[in-house]
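Here our numbering is used: the first residue of the sequence shown is 49, the next is one more, and so on.
By construction, these hints were calculated from the structure, which means they are not laboratory data. All values reported here derive from a predicted model rather than from experimental measurement. One or more hints might be untrue.
Each computed BS3-like pair below joins lysine-lysine, with the alpha-carbon atoms no more than 27 Å apart [claimed, not checked]:
hint, residue 1, residue 2
1, 444, 174
2, 174, 253
3, 444, 135
4, 359, 149
5, 149, 442
6, 359, 337
7, 452, 442
8, 359, 174
9, 452, 439
10, 140, 299
11, 174, 149
12, 299, 359
13, 447, 140
14, 135, 452
15, 135, 299
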Amino acid sequence: MHASEKMAPETGTRGPLSDIILLDLTRALAGPYCSMILADLGAETIKIEAPNGRDQIGGPSRLNVKGQSSHFLAHTRNKKSVCIDLKMNEGKQIFYELTEKADVVLDNYRPGVIERIGVEYERLSKINPRIICCSISGFGSTGQLRNRPAYDLIAQAMSGVMSITGEPPPVRSGPPIADMSAGMFAAHAIMAALYERERNGRGQKVETALLTGQIALLGYLVLDYFLTGENPAPVGLGQRASPQYHSYRVKDGHIAVAAVGPERFWSNLCKAIDREDIIKDPRFDTNEKRMENSDQLITIMEGIFSQRTVKEWIDHLVEADVPCGPVNTIEQALNEPQVLDQNMVVDVEFQGERVKMAGSPIKMSGTPTPMYNSPPLLGEHTDQILSMLLKYDKEKIEKLRQEKVII
Numbered sequence: 049m050h051a052s053e054k055m056a057p058e059t060g061t062r063g064p065l066s067d068i069i070l071l072d073l074t075r076a077l078a079g080p081y082c083s084m085i086l087a088d089l090g091a092e093t094i095k096i097e098a099p100n101g102r103d104q105i106g107g108p109s110r111l112n113v114k115g116q117s118s119h120f121l122a123h124t125r126n127k128k129s130v131c132i133d134l135k136m137n138e139g140k141q142i143f144y145e146l147t148e149k150a151d152v153v154l155d156n157y158r159p160g161v162i163e164r165i166g167v168e169y170e171r172l173s174k175i176n177p178r179i180i181c182c183s184i185s186g187f188g189s190t191g192q193l194r195n196r197p198a199y200d201l202i203a204q205a206m207s208g209v210m211s212i213t214g215e216p217p218p219v220r221s222g223p224p225i226a227d228m229s230a231g232m233f234a235a236h237a238i239m240a241a242l243y244e245r246e247r248n249g250r251g252q253k254v255e256t257a258l259l260t261g262q263i264a265l266l267g268y269l270v271l272d273y274f275l276t277g278e279n280p281a282p283v284g285l286g287q288r289a290s291p292q293y294h295s296y297r298v299k300d301g302h303i304a305v306a307a308v309g310p311e312r313f314w315s316n317l318c319k320a321i322d323r324e325d326i327i328k329d330p331r332f333d334t335n336e337k338r339m340e341n342s343d344q345l346i347t348i349m350e351g352i353f354s355q356r357t358v359k360e361w362i363d364h365l366v367e368a369d370v371p372c373g374p375v376n377t378i379e380q381a382l383n384e385p386q387v388l389d390q391n392m393v394v395d396v397e398f399q400g401e402r403v404k405m406a407g408s409p410i411k412m413s414g415t416p417t418p419m420y421n422s423p424p425l426l427g428e429h430t431d432q433i434l435s436m437l438l439k440y441d442k443e444k445i446e447k448l449r450q451e452k453v454i455i
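Construct the complete structure from the given sequences, taking the supplied hints into account.
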């Protein structure tokens, strides 16, 4: 599709993906997070919703603004909402016409569902050979578990991530990392497919899954297991009980210390805590020995760190060139000057109210990302999309509405 046929961003800025139209069929969290990443980068993201009610992303929430859950609002900014009944033939026809104009179709149904709806890649690619269809599922499109339902907790559990998180028994990660990492991997896959399309002119089907994303995040732990045959233990407060890479209790909270990498960081730490003798102590004079005798060294460190406050230690360690940071609460993190400087807390308007949410971590010097537009109301942009993108006249739109194909 030519850029001249597409709708200009409402904000007047053009993000790097501003010529891309994405049809978003997703629900829950992984898919909406993926489409939000692309929407933040300027993609014209059209959320296709059913007329019989809105799916609340992430499930029920005790927090809401104007009747919309915090889960929904957090991941639908910069998107447009079109209500189409895909169970009706007329609704499918509208979707097929949108597919002719689109670049990407994103879904996070279980394998087989999009085939039943009639919006699978094999069908859509005949309508638009340049279309890229991305599917996010729990377990992938092949294998004996392909048809099972999955949620973030299940993927964290089955991947082994919970077995190495916190202290025993197994602990779920605070943020929904299986959902969000699957969304990030899907966004990467879509952008890679768009780049490949520039070279060969063809679209393709891409996919990722909650379980496979979690296995990928295990990273070096996979290699460690195959080299040793031993299951990695829960990390707890540090990295396998490393005294140099650890969280310590102080007078009024906790701090994290990462005196690893260059040996000078370890030396700087020992000097900063007035224990230069530890540097040459035969129990701790190499990294291997420090790991072997970690319990003894951690006990020493705990006694020292308990004597000052978070601020006192951070100021002192920073001056000594020791990598460190406070263990913040969410409130403290969102008020960190560095977080605010990086524009990671943004105001988004929703129905006359200003709502604060996390900003985009992607910063580009030559291509600004769009401003943050309000999450859409259900069907808010149906008329706009059908008239501007598909050139439907008012009479046709009203007829479809009376027939309950759209709202």
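Is residue 299 within 27 Å of residue 359, Cα to Cα? With Cα atoms ~10 Å apart, residue 299 and residue 359 stay inside 27 Å; holds.
Below or equal to 27 Å on CA atoms is what counts here, so check residue 135 against residue 299. violated (61 Å)
For a C-alpha distance cap of 27 Å, please report whether residue 149 and residue 442 respect it. holds (20 Å)
Pair hint residue 174 and residue 149, alpha-carbon separation not exceeding 27 Å: holds (13 Å)
Check the hint pairing residue 447 with residue 140 against an upper bound of 27 Å on the C-alpha distance. Holds - the C-alpha atoms of residue 140 and residue 447 are around 16 Å apart, at most 27 Å.
Is the Cα-Cα distance between residue 140 and residue 299 27 Å or less? violated (63 Å)
Measure nothing beyond the straight line between the CA atoms of residue 359 and residue 337; if it is 27 Å or shorter, mark the hint as holding. Judged against 27 Å, a Cα distance of about 31 Å means the pair is violated.
Taking 27 Å as the top limit, are the C-alpha atoms of residue 452 and residue 439 close enough? With Cα atoms ~20 Å apart, residue 452 and residue 439 stay inside 27 Å; holds.
Just to be careful, I want the Cα atoms of residue 444 and residue 174 compared with a cutoff of 27 Å; is the pair within it? holds (26 Å)
Compare the distance between the alpha carbons of residue 452 and residue 442 with 27 Å, and conclude whether the hinted pair is satisfied. Since the Cα atoms of residue 452 and residue 442 sit roughly 15 Å apart, the hinted pair holds (cutoff 27 Å).
Are residue 359 and residue 174 close enough, with their CA atoms no more than 27 Å apart? Violated - the C-alpha atoms of residue 174 and residue 359 are around 62 Å apart, more than 27 Å.
Residue 444 and residue 135 were given as a pair; does the straight-line alpha-carbon distance stay at or below 27 Å? Judged against 27 Å, a Cα distance of about 19 Å means the pair holds.
Going through the hint list in order, the structure does not satisfy hints 4, 6, 8, 10, 15.
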